[in-house]
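**Q** Sequence:
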Amino acid sequence: MGHDINMHGMPYMQLTQGIKNEVESQHSILDGMGEGMSSVKGMIGNVGDKFRMVLQDKANNKTIMAVVGGAVLLFFLWYFLHGR
Numbered sequence: 000m001g002h003d004i005n006m007h008g009m010p011y012m013q014l015t016q017g018i019k020n021e022v023e024s025q026h027s028i029l030d031g032m033g034e035g036m037s038s039v040k041g042m043i044g045n046v047g048d049k050f051r052m053v054l055q056d057k058a059n060n061k062t063i064m065a066v067v068g069g070a071v072l073l074f075f076l077w078y079f080l081h082g083r
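Each residue of the sequence shown is one higher than the last, beginning at 0 in numbering that gives the first Met the number 0.
These aren't lab readings, by the way, just hints derived from the structure by calculation. Even glycine gets a Cβ: it sits at the ideal position worked out from N, Cα and C. Accuracy of the hints is not assured; some may be wrong.
[Unchecked claim] SDA-like, lysine to any residue: derived pairs with alpha carbons at most 25 Å apart:
hint	residue 1	residue 2
1	K57	G47
2	K49	D30
3	K61	L72
4	K57	G68
5	K61	S38
6	K49	K19
7	K61	S37
8	K19	S38
9	K49	S37
10	K61	L73
11	K40	A58
12	K49	N59
13	K61	K40
14	K61	N45
15	K49	S38
16	K19	L29
17	K49	F75
18	K19	M9
19	K40	K19
20	K49	T62
21	K19	I43
22	K49	L29
23	K40	K57
24	K57	S38
25	K40	F50
26	K49	G68
27	K49	G69
28	K49	H26
29	K49	K61
30	K40	R51
31	K57	V46
[As the list claims (entries may be wrong)] DEER-style ranges, computed between Cβ atoms:
hint	residue 1	residue 2	range
32	L80	N60	36 to 44 Å
33	I43	L73	22 to 30 Å
34	M64	G44	46 to 54 Å
35	I18	N59	27 to 35 Å
36	Q16	G82	50 to 58 Å
37	S27	F50	45 to 53 Å
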């Protein structure tokens with residue numbers, strides 16, 4: 000009788016071991032993603048600081064507004080020529 004229980008429990012043990020291995024694999028992937036996200040967060044923070052420094056200068060504000068206005072103008076020009 001005990002031998003019979005062991006034979007029926009074997010697929011369940013393999014299944015749970017497979018689930019455990021998959022969970023451990025996914026945890027390691029998520030840990031790696033978390034580390035990558037932390038480094039990206041630091042880089043984005045640095046870029047934000049640089050933009051803040053550039054925007055504090057009045058001469059740079061005029062240049063930035065001209066570039067943004069030009070980009071918007073080019074977008075609308077492209078949209079009306081190719082969008083229809």
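**Q** Would you pick out the hints that fail for this structure and give their numbers low to high?
**A** Violated: hints 2, 5, 6, 7, 8, 11, 13, 17, 19, 21, 22, 23, 24, 28, 32, 34, 35 and 37.
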